[in-house]
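Dock chains B and C against the given chain A, drawing on the hints supplied.
Chains as they are written, first to last, in our numbering: chain A, 1 to 426; chain B, 1 to 261; chain C, 1 to 153.
If you are wondering where the hints come from, they were derived from the structure by calculation, not from laboratory data. A few of these clues could be false.
Said to hold, decoys possible - Distance ranges between label pairs, derived from CB positions:
hint, chain 1, residue 1, chain 2, residue 2, range
1, A, Ser-109, B, Met-246, 55 to 63 angstroms
2, B, Leu-12, A, Arg-333, 53 to 61 angstroms
3, A, Leu-45, C, Glu-125, 45 to 53 angstroms
4, B, Trp-20, C, Pro-28, 26 to 34 angstroms
5, C, Ser-76, B, Asn-226, 25 to 33 angstroms
6, C, Pro-28, A, Val-58, 38 to 46 angstroms
7, A, Ile-412, B, Phe-55, 28 to 36 angstroms
8, B, Lys-6, A, Ser-345, 54 to 62 angstroms
9, C, Arg-149, A, Gly-356, 49 to 57 angstroms
10, B, Asn-226, A, Thr-348, 33 to 41 angstroms
11, A, Pro-418, B, Ile-52, 34 to 42 angstroms
Here the structure is a predicted model, which means the values were calculated and not measured. For each residue, glycine too, the CB sits at the ideal point set by N, CA and C.
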Amino acid sequence: MKKKIAQYAFLILALLQGGSVAGQTADLVVGTDGSIPSLKQALELARPGDTILLKSGVYKEGAVLVDKSVQIIGQGFPVLDGEGEYQIMTVTADDVVIRGIEFRNVGVSFVEDNAAIKLEGVSGVRIVENRFIEAFFGVYLAQSQKTLIEGNEFYGTGTREATTGNGIHLWYCKEITIRNNKINGHRDGIYFEFVEDSKVERNLSWGNLRYGLHFMFSDRCEYLKNVFRQNGAGVAVMYTHNMSMHDNLFEKNWGSAAFGLLLKEITDSYITNNRFYKNSIGLYTEGSNRLHVRENTFEENGWAVKIMANSMESEFVHNNFINNTFDVATNSRQNFNTFDSNYWSSYTGYDLNRDGIGDVPFRPVRLFSYIVEKQQTAMILSRSFFIDILDIAERIVPMLTPETLVDAHPRIKKLNVPTGEKENEG
Amino acid sequence: MDKVGKIIKYQLFDIFRNKWLLFYALFFFVVTDGLFRFGGGGAKVIISFMNIMLFIIPLVSILFGTMFLYNSREYIELLLTQPVKRRVLFAGLYLGLALPLVAGFVLGVSIPFALYDDGGQLATLGLLLLSGTFLTLMFTALAFFIALRNEDRARGFGISILVWLIFSFVYDGIILFASFSLADYPIEKPLIVASMLNPIDLARILILLKTDFSALMGYTGAVFQNFFGSSLGITVSLLTMLVWTMIPAILGTRTFEKKDF
Amino acid sequence: MRKRGKTSITLLLVTIAVIAGCSPGPEPIEYGAVKCDHCKMLIMDRKFGSELVTVKGKVYKFDAVECLAEFMLDSSVTAANTHSLWVSDFEPPHEFLIAEKAFYLQSERIKSPMGLGLSAYSSAERADEFRRKYGGKVLSFEQMLDYVRASRE
Chain A
1 MKKKIAQYAF
11 LILALLQGGS
21 VAGQTADLVV
31 GTDGSIPSLK
41 QALELARPGD
51 TILLKSGVYK
61 EGAVLVDKSV
71 QIIGQGFPVL
81 DGEGEYQIMT
91 VTADDVVIRG
101 IEFRNVGVSF
111 VEDNAAIKLE
121 GVSGVRIVEN
131 RFIEAFFGVY
141 LAQSQKTLIE
151 GNEFYGTGTR
161 EATTGNGIHL
171 WYCKEITIRN
181 NKINGHRDGI
191 YFEFVEDSKV
201 ERNLSWGNLR
211 YGLHFMFSDR
221 CEYLKNVFRQ
231 NGAGVAVMYT
241 HNMSMHDNLF
251 EKNWGSAAFG
261 LLLKEITDSY
271 ITNNRFYKNS
281 IGLYTEGSNR
291 LHVRENTFEE
301 NGWAVKIMAN
311 SMESEFVHNN
321 FINNTFDVAT
331 NSRQNFNTFD
341 SNYWSSYTGY
351 DLNRDGIGDV
361 PFRPVRLFSY
371 IVEKQQTAMI
381 LSRSFFIDIL
391 DIAERIVPML
401 TPETLVDAHP
411 RIKKLNVPTG
421 EKENEG
Chain B
1 MDKVGKIIKY
11 QLFDIFRNKW
21 LLFYALFFFV
31 VTDGLFRFGG
41 GGAKVIISFM
51 NIMLFIIPLV
61 SILFGTMFLY
71 NSREYIELLL
81 TQPVKRRVLF
91 AGLYLGLALP
101 LVAGFVLGVS
111 IPFALYDDGG
121 QLATLGLLLL
131 SGTFLTLMFT
141 ALAFFIALRN
151 EDRARGFGIS
161 ILVWLIFSFV
171 YDGIILFASF
181 SLADYPIEKP
191 LIVASMLNPI
201 DLARILILLK
211 TDFSALMGYT
221 GAVFQNFFGS
231 SLGITVSLLT
241 MLVWTMIPAI
251 LGTRTFEKKD
261 F
Chain C
1 MRKRGKTSIT
11 LLLVTIAVIA
21 GCSPGPEPIE
31 YGAVKCDHCK
41 MLIMDRKFGS
51 ELVTVKGKVY
61 KFDAVECLAE
71 FMLDSSVTAA
81 NTHSLWVSDF
91 EPPHEFLIAE
101 KAFYLQSERI
111 KSPMGLGLSA
121 YSSAERADEF
131 RRKYGGKVLS
141 FEQMLDYVRA
151 SRE
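Looking at chain A on its own, in the form it has when it is part of the complex (with noise of 0.2 angstroms):
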């Protein structure tokens, strides 16, 4: 415990103070004009608990091994470069420190998941502050818990084809924590593999090839106030059970492919205070049950939401539906949800007893909507004479959309919703 708090300590006034104090405080000192001219060598002499200051410098050491609980500080962003051949940095040790050091190049392999810094097995390790520039895989944990990754910026090759890896890529993980991070170009931003109880917070992804967060098999996991914008296909949960998802941006995901949010085979999740705006589909819901989508805000999507039939048992209460093209899509005439008291922008009724509340129900699926997920090839038709035609006779004697999927409590003036992702505007 001492020991920790040391450590602290020591973090903080290296801050504060930059290397001068450093430079006192360390162990070991890498650099050109020091006695130990590279990191490896450190890694040899040093013993756990030191602390080792890599100078300003490009290094090129090639595959360097930590398996030392050792705590690596670079002093003026030192550069580890892996040539465009290297998997740079693999720690098998507990409790490392890896911070303010700049990775760049790691080796494109076709099968090897080359990262810039991998952890194998690992425990109490922090990733803090540091530059991934160019790396195929960023950070990359395996069979790992209880981890910090904090304050990095991750910039891929952001091309098309499958030459990037993932930002930061979890594979069987527990208690994991990943806040303030940057992420740009990868394949995934973050991405999620069968890990637990892990939490992702104040990260922004942005530009990402696939996803800007990815889960898939990973339970009793909690997402906040992140911004995931402009991402080739959003944010994608799949597969997963007792997840919390509240106050992020979903930002323009836009494109044939893409949505906002994507959810398959999820149970007993909460989707609160979220803002989902410009995405092509804000939130798509496929054999996903028991979720709780609260106070969030849709605007401007191409389809706000659209649940398919195998979806059931959620609830959607008091949420804004703000100038989307489509508010609600299902693919059946059955609903086995709860559409209540939300806010339509494109609710036409009226509130003769001025209580908020609209007097005549609301039907958020348009026949169009429902006839495009039946036949997607009916899309060429949108905004036809015809396709209108039969929109305003659907309006009139529902025959064709689902008959319960109503909101028999419309709002009339817009929710105050509090979404908490505007501190993180990046």
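Same frame as chain A, now just chains B and C:
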């Protein structure tokens, strides 16, 4: 050609005297202006406007065309006594109606655009104007052809409205029906062909693909974008529009040449 | 006469278009632009893209061998309606292989998009070479299907 010009000129006087053209232009002006004022900017205005345009232009063109020909019966008979070739006379009559319609539409739309738009939608505006022009030319020609083939006014109007209904309503119904009954087949490519066989659909799809809306059309939209975005696609669509204008015009001319007034 | 000519030309064009649209066969996958027809994920990785072509010429595209397999197990497209099945060669240039004739490696160390670790190879020898490097088990098409079926239990 000189004689065509003379007939057009004469007709223009007639048209301006009747003021309906002014209303037509004013209508487009008010609609476009209103959409800009209250509909926010950009793509949304384009799409809403497209909706109205694809409804109004074919309808007005075909009804006015039919009406004009029936009402000008005596005038035409008078002209026929002059030493003018029938072909030339027809061209004059046709262009004398169609061109003012085009002009009214183009002016009515362009002025608000020039006032409000920062030029970001210029290409889309061009496409709107071009498709509107083609649709006017085509439906006016269709109207002439129908009116010449039917002595009975009521019958002529009936057929005109029917033709309009087929192009702007029934055809899309058939496409919807077909895309459901042929759901097991890869129908994207045949659908491209089908959409070109109806100039209203063609115009609608070309304009939609030009806007953000194309992303909402999913995979089918992507297939369409691939085709209509290519230079082959653009050439073919322009040619199709042209053919769609030429066919009724040629049919009309032939009928007019042979008709016994 | 000329009128009839026009009609027949139109008919011909339509027929050509219909035939061009219908002759069944695999289509190139637009990586990064289309969704998997099973899991709805964006198809990104050339090593794993797969297709099912129906007798009527409709092409379903998948991001992984396991998605193709699950689609076969789940969907309404029966074996009788299936024209052909295609998987990408794990090795560059990742050409399409006939799925039934390909060999599969199931290995934890090969991260396929849907987590089952399946990759496809042009021959048993090629698959075996990768097995020596990455461990796991070489499977035939049928065994691969069984593996996917069992993994869902």
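Right, here's what the structure says about each hint:
1. A:Ser-109 - B:Met-246: 55 to 63 angstroms: holds (60 angstroms)
2. B:Leu-12 - A:Arg-333: 53 to 61 angstroms: holds (57 angstroms)
3. A:Leu-45 - C:Glu-125: 45 to 53 angstroms: holds (47 angstroms)
4. B:Trp-20 - C:Pro-28: 26 to 34 angstroms: violated (54 angstroms)
5. C:Ser-76 - B:Asn-226: 25 to 33 angstroms: Hint holds: Cβ distance 28 angstroms, inside 25 to 33 angstroms.
6. C:Pro-28 - A:Val-58: 38 to 46 angstroms: holds (41 angstroms)
7. A:Ile-412 - B:Phe-55: 28 to 36 angstroms: Between A:Ile-412 and B:Phe-55, where Cβ atoms are some 31 angstroms apart, the hint holds.
8. B:Lys-6 - A:Ser-345: 54 to 62 angstroms: Between B:Lys-6 and A:Ser-345, where Cβ atoms are some 56 angstroms apart, the hint holds.
9. C:Arg-149 - A:Gly-356: 49 to 57 angstroms: Check passed, 54 angstroms falls within 49 to 57 angstroms.
10. B:Asn-226 - A:Thr-348: 33 to 41 angstroms: Distance hint for B:Asn-226, A:Thr-348 holds at roughly 38 angstroms.
11. A:Pro-418 - B:Ile-52: 34 to 42 angstroms: holds (40 angstroms)
The structure does not agree with numbered hint 4 stated previously, though it agrees with all others.
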